[in-house]
Structures are given as structure tokens and as C-alpha cells.
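**Q** The listed protein sequences correspond, in order, to chains A and B.
Note that the numbering used here has the first sequence beginning at 1, numbered continuously upward.
Note that the numbering used here has the second sequence beginning at 1001, numbered continuously upward.
Any given hint could turn out to be false.
[What the hints assert, rightly or not] Calculated lysine-lysine pairs in the DSSO-like style (CA-CA distance at most 27 Å, straight line):
| no. | chain 1 | residue 1 | chain 2 | residue 2 |
| --- | --- | --- | --- | --- |
| 1 | A | 3 | B | 1093 |
| 2 | A | 7 | B | 1093 |
| 3 | B | 1100 | A | 7 |
| 4 | B | 1211 | B | 1015 |
| 5 | B | 1015 | A | 148 |
| 6 | A | 3 | B | 1125 |
| 7 | A | 71 | B | 1134 |
| 8 | A | 71 | B | 1124 |
| 9 | B | 1211 | B | 1065 |
| 10 | B | 1125 | A | 148 |
| 11 | B | 1105 | A | 3 |
Just so you know, these hints were derived from the structure itself, not from any lab.
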Amino acid sequence: MNKKILKYIFLDLIRSRFILTYTVILFLISLFINYVSDSPQKTAASLLNVVLIIIPLVSMIFSSIHYYNSKEFMEFLLTQPVARSEIFRCEYLAVSLALCFAFIAGIGSIVILSGMSGAMIYLMISGLFLTFIFTGGAFLIASLVTDKVRGIGIAILMWLYFSVMFDGFVLMIFYLFRDYPLNNFIIGLTMLNPIDLSRILILMQLDISALMGFSGATFKNFFGQFYGKIISLLLMLIWIFIPLFLSQRIFKKKNF
Amino acid sequence: MSLIEIKNLVKRFGKFEALRGINLNLVKGEVAVLMGPNGSGKTTLIKSILGLVIPDSGEIIVGGKKISDDFRYREQIGYMPQIANYPENLKVKELFSIVKDIRGKSSTDDELIEDFGIGNIIEKKFGQLSGGFKQRVTAAIAFLYNPEILILDEPTSSLDPLSNEIMKKKILKEKQNGKLMLVSSHIVSESEEIADRIIYLLDGKVIFNKKLSELKNGDGRVRLGDKIKTHISDYKLHVNNE
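The task is simple: from the sequences and hints, build the whole structure.
**A** Written as C-alpha cells, this is what we have:
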């Protein structure tokens, strides 16, 4: 891994206005939520919804825009004596680390302020996981689709699918086949959505069954609290590596 | 000895054949100018040599080694792209140090940095530079590590007249130092000034590949543009007869 390339791409991103704005917005939102809720538990629960919507959205859009905008720079790096896969890894790590940095800087102070509860720690962990997952997803889309506008459009659509439409599909399936025992099937479906996985992860820690929803409750019953957490973390790890593996393969054979 | 050897290079993009069997031999100490209309395959050819485009068939051999085997052949190549668009928030000196770090060599050729007056803007962010200065920075980076081969994609397209002269002087000087230059250009008069060899591409094929002196038949008064025209119409006639 060429650390210098990584360092400079990261430096460029950290200095960008977008990352700064993202940090400030996250900070203001978490400050506000912390101010209006009366217990750390409630802060975590409200912050959860923000994190689950904003992080995938920002990671998806920012990463795909960055990928398309650095086309010429990537081309330039590719003409240098460096392996293709290395340039890909540097770009990916720089973008996801810059987004993680903004996330930690934006939300970190509130996490400390509200007493570093277990739920808050899990909130941070899932936020970081989601950043890595959706940056990878954006890179996969951007390396498949050459056209910038189409690529960003598909990225937004994927975000919409994972954060809104997916739950609708699960509910519809559940409603249509309500006469059948669906528990295991729903668990399987949940694994197909990293946002659901992180929601379950945090809610299991919070132990608010009312908010956990059908899939969360089933998940908890099936695996138990401890194994449930381990398994959802493992699955999220897989969710990081699948898009990354695929997009690196495409990147290696791509014509620039 | 030939520095770049291209054998039967074919590249397709879907149904479109960008390169249809290119054969070329480029030797050191020569300025080869690549000419041809838009879409004739100039950029695809350059990108294939740089490893940006992966050919469907054929071979490219740089410095005696097949380029598909090892990426390190690019140590011998300096490249100046047509469009200069590097990270906006990096300072010019940081761009230089990226290349410095990748190449890991200590001896540098700072001539262009000085002649182009880049020293004054070295602390500025790349995004704040004017188009001309962006182009000058990419040129300086290409020449920075004394590569054996220089590939310049329309190097003078957005340079002011003065920088243009500096660039041409540098190209001729490095030729004297025994380097190989592959330059793509649209401008006939400019090519006439710097070229030792003109390679003309049309529809992904080399129409002619001749020394400038050969093209002009030793007659200084012959206009290069006219000669190119005759060659192309000869070729078209030949194709139609077949």
C-alpha cells in the first residue's frame, strides 16, 4: 500500500468544503437531539434514525461524485509505476476515512457528553461500518457506469432502495404470506440490508423491543442478544468486502 | 534499438474498432508526431502504451519487455495528459511530491519548473490556478524524472505563445539528450517544427509513417499540409480500388 498516495488524497478531501459542512451538520444535529432528549437512551434512539438515513445517503453521493471528479487524476496515477489495485485501494480508503473522520468529529463530542453509553458506542460502530459499506457501493456503481449523471442517479436509487423501499418489500412479503411461518425467512431477508443490520445491532443494545420491529425481534429471539450482535457485525463486514472485491476486479480490467 | 514496439494492436469498444492492427517501431532520439482526425485512434493508441486501455490483441513492448507483464515499465515514461484536472485542494508542491514519492528517485529535472515560473505558485492550491498554469504544471511533472520516453497528448493546446515556445525548445532539447518523444497534435505547422517522424492515423490504421525529410523529399519549400493531403487521398483511392 502506497501510504503517500493515500495521505495526499485524504488531505485533499479533508480540506474540501463538503467534508467540513458534513461535520458541522452532524455536530448541530447531534447537539440538538442531545438538548431535547432527557436521557442518553433517548438520545441514542433519536440519533439512530438520523445516522441510518444520513450516513448511507452522504456516503453514496459524495463517494460517487468524488470518483467521477477524480477521473483525470486516477488516470494520471495509473500512468505512474504503481499497480492498478493499489490506486483503487488508496482512493477507496481515502474517501471512506475522510467520511469516517467527519462522522467521528461531528458526533463524537455528543457521544462523550452523553456518557459513552453502550448504545452510543454501537451507534458509532455502525456509523463507521455504514460509511465503509456505502462508499464501497458507490465505487462499485461508479466503476460500472461510465456516465456521471447516470451513475449518481443509480447511487441515489440504491440508497432509496436500502433505506426506504426494502422495508416496504419486507412488510409486503410478510403481509402476503402471513399464514405461513416466516421467521427464518425474514431473518434471511434482513441480512440482505446493512441498514437493517445496524438498526438491529443498536436496538439490541438499547433493548427497546417496541422500536425493534418485526425483523429485529425475530433476530433477537433467534440468535439471542450476544450472538445476534456478533453475527450482525460479521455480516456487515461481509457487506464491506463484497462490493469492494467486485469493484476492484472491474477496476483492474477497465479501459480509461 | 527500438524503445517502443507495437505489434498488430487491436482494440474494440463494443462494435467500434478503435485500433485495427497497428504496427509501430519507435526509436530513441526521435520526436514522433501522431496526427489524425478526431476519433482516428490517437488517444486510444497513447492510452494503450500507458496501460490505461487494455488491448484486445497484439503486443506492446517497451524497453524490451511486454507491458502486460509488469507495471514497472512506466518508470521509463513521463506523460502529459490533454486535460489537467488534479485534486483541487492540493498544493502544487504536494502534487510534485506525490510523483516524487511514487518514483522514489532523487535526481530531478527542474528546468521546466523554472522556465514556466512555477516556483511562484508552488504554495498555491491546484484548484486556484488558471488553465494555462494547470497545463504548465502537468508538463513540468511529465519531465520531472528524466524519463526515457515522453508521451505528450496535445501539449500546446492551452498554452500561451511564450510557454508554447518554451515547450517546443524543451522537446527539441530532450531529443538531443536521446529521448523518445511521442507527441499527438492537430497543428500542422507546429508538427513541422518539432517532428522527425510523422505518423498519420485514420480509422484506427496507420496511413503513413514517414520521416519528415522523406515526406518533404528534401524540398524545403513543400508545405507539409499539402503532402499529408496527397497521402490521404492516395490512400482513399487505394481503398476504393480494392
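**Q** All the hints need checking, so say for each whether the structure fits it.
**A** To see whether the hints hold, each was checked on the structure:
1. A:3 to B:1093: holds (17 Å)
2. A:7 to B:1093: holds (14 Å)
3. B:1100 to A:7: holds (14 Å)
4. B:1211 to B:1015: violated (34 Å)
5. B:1015 to A:148: It holds: about 22 Å lies between the C-alpha atoms, which stays within 27 Å.
6. A:3 to B:1125: Measuring from Cα to Cα gives roughly 21 Å; hence the hint holds.
7. A:71 to B:1134: Status holds; Cα separation ~16 Å.
8. A:71 to B:1124: holds (22 Å)
9. B:1211 to B:1065: holds (26 Å)
10. B:1125 to A:148: Holds, because 25 Å separates the two Cα atoms, which is no more than 27 Å.
11. B:1105 to A:3: holds (17 Å)
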